[in-house]
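Going down the list, the sequences are from chains A and B. So in the numbering used here, spot 170 of the first sequence is number 170, and the numbers just go up one at a time. So in the numbering used here, spot 396 of the second sequence is number 396, and the numbers just go up one at a time.
Think of the hints as simulated: they come from the structure by calculation, not from any bench. Only true hints are included.
Some chain B residues close to chain A (C-beta under 7 Å, calculated; not the full set): (1) R563; (2) M566; (3) I569; (4) Q580; (5) V581; (6) T582; (7) I596; (8) D603; (9) G604; (10) E605.
SDA-like mimics (lysine to any residue), calculated; alpha carbons at most 20 Å apart, straight line: (11) K595/B <-> G25/A; (12) K16/A <-> E579/B; (13) K68/A <-> E590/B; (14) K594/B <-> N26/A; (15) K339/B <-> L379/B; (16) K20/A <-> P572/B; (17) K564/B <-> T105/A; (18) K20/A <-> I602/B; (19) K586/B <-> N27/A; (20) K23/A <-> D592/B; (21) K57/A <-> L597/B; (22) K23/A <-> K585/B; (23) K16/A <-> I588/B; (24) K23/A <-> Q580/B.
It should be emphasised that the depicted structure is a prediction, and the values quoted were computed from it without experimental measurement. For every residue, glycine included, the Cβ atom is placed at its ideal position computed from N, Cα and C.
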Amino acid sequence: MGDKAGTKKRIEELGKMLLKEIKAGNNPFMDIPIRALSNVAFNPKSRIIEMGDAKSKRYFFNIAHIRKFVQTVTAAAIARELLAVDKHLSLRQVFYRMRRTIPGTNIDMVDEQTESNEAVEDMELLSDSSRELLHINANKNGSAAGKIIIKDKGDLIDWSKLGSGGWAIPSNTEDIEFKKVDAKFVIYMEKAAMWERLHEDKVWDKLDCIIIASQGQATRGIRRLLQRMNTELKLPVYILTDFDPWGWYIYSVLKFGSIALAYESKRLAIPNAKFLGLTAEDIKKYGLERQKIKFTERDASRLKQMVDYDWFKDNKDWQKQFKMMQQYGGKIELDALVTKGISFVSEKYLPEKIKNKDWID
Amino acid sequence: MAKEVDIAETLGAQMKAVSVAEFFKKNKHLLGFDSPVKSMLMVVKEAVDNSLDATEDYAYENFRKTKQWAYPEIIVEIRKAEHGLAIIPEGSDIPIADITKTGKTWDVEYFGRKLRASSVEGETKTYNIEGTKVQLTDTGAVKPQVFVNGAKANVEERTLKYQVVVTDNGPGIIEKNLPFAFGKLLYGSKFHRLRQSRGQQGIGISSAVLYAQQTTGLPAVITSKTEKNKAVQIKLTIADNNEPNIHEKTTVQDFPYDHGTIFDATIEADYVATGEKSVYEFLRRTAIVNPHATILFISPEKEKFKFARTANELPLESKEIKPHPHGLEYGMMQGLLEKTNARNIRGFLSGDLSKVSPGIADDVLKKIEMNPNAKPKELGREEIEKLLRGLHKTPLQRPPTDCLSPIGEDALKKSILKDTKAEFVETVSRKPTVYQGRPFLIEIALAYGGGINAEGMAERLRYANKIPLLHDAAGCAITRAIQEMSWKQYGVQNVAQNGIPMGPYVILVHLASVWVPYTSEGKSAIANYDEIIKEIKLALQDCGRKLKSFLSSKNKAQRQAERKSMFEIYVPELAYSLEQVTDEKKEIIEKDLKKILGKDKIDGEDIEEEKTVTPKPAEGEGE
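Given the sequences, and given the hints that come with them, work out the whole structure.
Next up, the structure:
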């Protein structure tokens with residue numbers, strides 16, 4: 001994606017285009033690439049999810065579109081201002097910026113942050129610029145520790161000397177420089193609690209690795225960082241998630257890219273990331289059955305959706321996993337491993353799995 | 001030894017024939033004269049029914065001769081005839097009894113009847129009026145003091161007697177027949193014929209004459225003029241032997257029409273100006289289903305109301321028909337077989353029943369193995385039943401429709417539209433069908449919005465043979481059919497617990513039949529026959545479907561308006577944001593956007609929902 005000046009120019013061009021339509025007495029519209037399953041395709045060669053060309057017209061004078069239309073233009077106005085003054089706002093701040101009641105009504109411009117987030121994502125596509133180029137950041141989210149020294153905004157940071165809290169991964173990891181790398185691989189996990197456990201056990205020291213955690217879905221900053229470590233440092237990336245469709249989808253997003261952000265897959269996906277656990281076999285092998293939480297209908301239908309995804313459809317290992325989960329009819333959290341002993345994960349589970357290459361690709 | 005007297009003979013000597021007039025006197029409540037308010041309505045109703053029948057007869061006859069319609073005109077006038085004191089319970093407006101002073105004594109009268117005991121000064125007398133305790137004390141003042149059920153009641157000057165005058169431009173009645181037409185119960189040609197007509201018991205107008213003479217002692221005054229003769233006026237009562245009693249006969253010079261009849265009776269009754277039981281409401285409802293007539297009403301307060309004619313022709317005239325075999329019952333069949341002039345059963349079937357040809361008669365008789373030459377009068381019980389079963393199983397054409405006189409969809413629509421000023425009116429006139437061997441048809445009008453009162457339940461207008469049914473709604477087949485409709489399926493938003501739509505609706509149901517199955521002599525509710533309820537529901541469903549599409553396009557128009565206001569709300573917002581993206585003045589952008597908004601049709605405004613991102617990311621994706 002383009003540079004800063006180009007971004008600003010493209011935003012202004014969008015505005016001019018709208019103005020031209022208005023002057024001509026036409027219903028102003030934007031061509032928005034469709035961010036839906038119907039418009040993504042799995043590229044078996046690059047093994048990432050790519051976005052298709054389908055676009056939908058978003059009109060101003062259309063009762064179904066008008067709200068999103070104005071939100072998108074407002075996001076454009078905010079981005080243009082940020083670029084002009086060379087400042088950044090977080091997504092949360094953008095939400096507060098947009099959130100106000102339209103005078104004389106009880107309609108709020110945005111009710112929830114997902115609305116402003118989507119407006120920003122649409123602007124990314126319309127201006128052909130990633131969020132970072134629009135000067136909009138996500139909140140800091142995630143922790144890291146391990147055998148690596150990096151440089152961020154001129155500061156050298158040794159990830160093995162960060163005390164108990166580790167390093168907070170910023171929203172934009174594009175400009176981080178890798179200085180000295182002693183790690184042999186990276187373990188990513190979806191739970192901060194598990195990260196705390198592993199960090200206290202100094203597992204990164206014992207296994208010579210880096211440990212990174214998010215809380216739920218990995219942010220773009222984490223995903224970009226993981227991809228850069230994988231491609232630039234050639235470090236294998238191992239992934240730990242809950243044994244449930246939602247956890248497995250986090251793996252899916254990290255590895256193949258996401259449906260909603262398919263246009264960013266190239267920058268974010270890690271096609272050779274490995275799924276370490278929890279697998280269906282782990283449950284039996286490590287005796288975790290007692291921690292079973294029964295599936296809700298929502299869980300079951302989410303699993304069904306995943307079975308049909310193009311990127312899983314022909315993957316025998318994953319189809320086997322899906323089938324076993326379906327039969328099992330329940331989920332188990334990553335933290336269930338702690339029931340086998342406080343340091344069971346760092347002393348037995350991880351070393352064994354990595355040594356035996358007990359993962360799914 | 002004294003001659004033994006047969007006990008039966010003694011008893012027999014005590015028996016005497018009860019005259020119809022006598023019977024009426026004792027049973028007038030059965031015929032609808034059961035309260036002063038209802039009695040007023042009954043007299044007006046009988047007179048108006050009579051006039052409508054007469055004016056229609058004239059119009060049809062005249063049309064055959066001249067090919068011109070002579071439209072019915074009816075003038076109903078109610079005048080205050082006599083004032084007096086009435087007892088009005090506290091918190092009510094309706095008198096419960098009248099009181100009169102003769103010399104030094106007070107008398108209480110209820111419903112034309114003087115109650116026992118009179119009160120003189122300083123005395124208190126107690127009366128029981130249908131369970132209500134009335135105590136009257138003559139205190140020596142102008143008015144006595146009255147307590148009703150222990151509570152002090154008002155004694156007020158009220159109109160006690162009214163003069164009801166109904167004038168029509170019918171054919172008039174020839175002098176010879178005049179006393180019988182009004183002065184003899186069960187007189188007339190309507191009683192035994194099988195065709196749709198207003199009256200069917202034949203008691204009708206003479207009951208009003210009886211009511212007048214019994215409550216006020218005054219004879220009815222009938223004036224009638226035929227085309228060729230001078231108007232004749234008679235003063236008439238009905239004797240106990242059910243014979244007309246003419247008190248005076250004169251010729252009259254002045255008559256408002258070239259021909260017609262004036263019925264004039266003074267009765268004891270109460271007049272209410274509004275509400276379901278008012279004369280106004282009765283005439284309004286009558287006018288709705290008789291759009292070919294003009295009805296003028298002059299109230300006791302001299303207000304004039306005109307229900308003008310909306311139809312330019314009369315409905316099809318009803319003709320007499322023979323009974324249809326489907327639904328014929330044993331008793332009726334037996335009666336027909338006894339009365340027939342046919343020499344054999346084959347002749348009876350094809351000659352006395354409708355839609356049975358000689359060929360069909362042969363088929364039926366062959367199937368049930370009955371001799372076609374059997375004598376109708378000689379059939380036994382089993383044979384009659386066999387014959388009935390055979391007839392019921394034979395598919396036949398529907399009975400002839402010309403025995404019925406529907407209002408017609410167009411005429412009804414015009415009429416209800418004029419009355420309700422509704423936004424939407426749909427009418428359905430169903431094809432005739434049969435219940436119990438009698439043809440009937442259902443007509444419906446469903447009106448919505450506009451001038452219709454939006455508060456409370458839908459107004460229900462029930463009719464049988466073009467007569468409004470004003471009482472006993474709860475027990476009526478029409479009410480039941482309305483309640484059994486699933487109104488919500490037809491776009492009606494609010495439906496009361498009892499199944500009746502809430503809001504600005506008028507539901508009119510008209511049953512036209514050669515014989516209306518009333519639940520009682522009062523003729524105010526239709527019996528619950530499945531065939532009738534089914535037909536009403538089918539007709540309501542027809543109207544309901546039209547209503548639904550009307551309501552949905554109305555809602556669409558409403559959405560259109562909402563859409564426009566939504567656009568208006570967002571115009572300044574877009575202008576504000578777009579100014580920041582383009583540096584164009586927001587006032588200019590706003591002005592340009594408003595120009596587009598002024599267009600009738602904006603391209604792209606109808607495109608469906610945008611496709612949205614699915615599935616939603618698990619948690620916080622993209623952050």
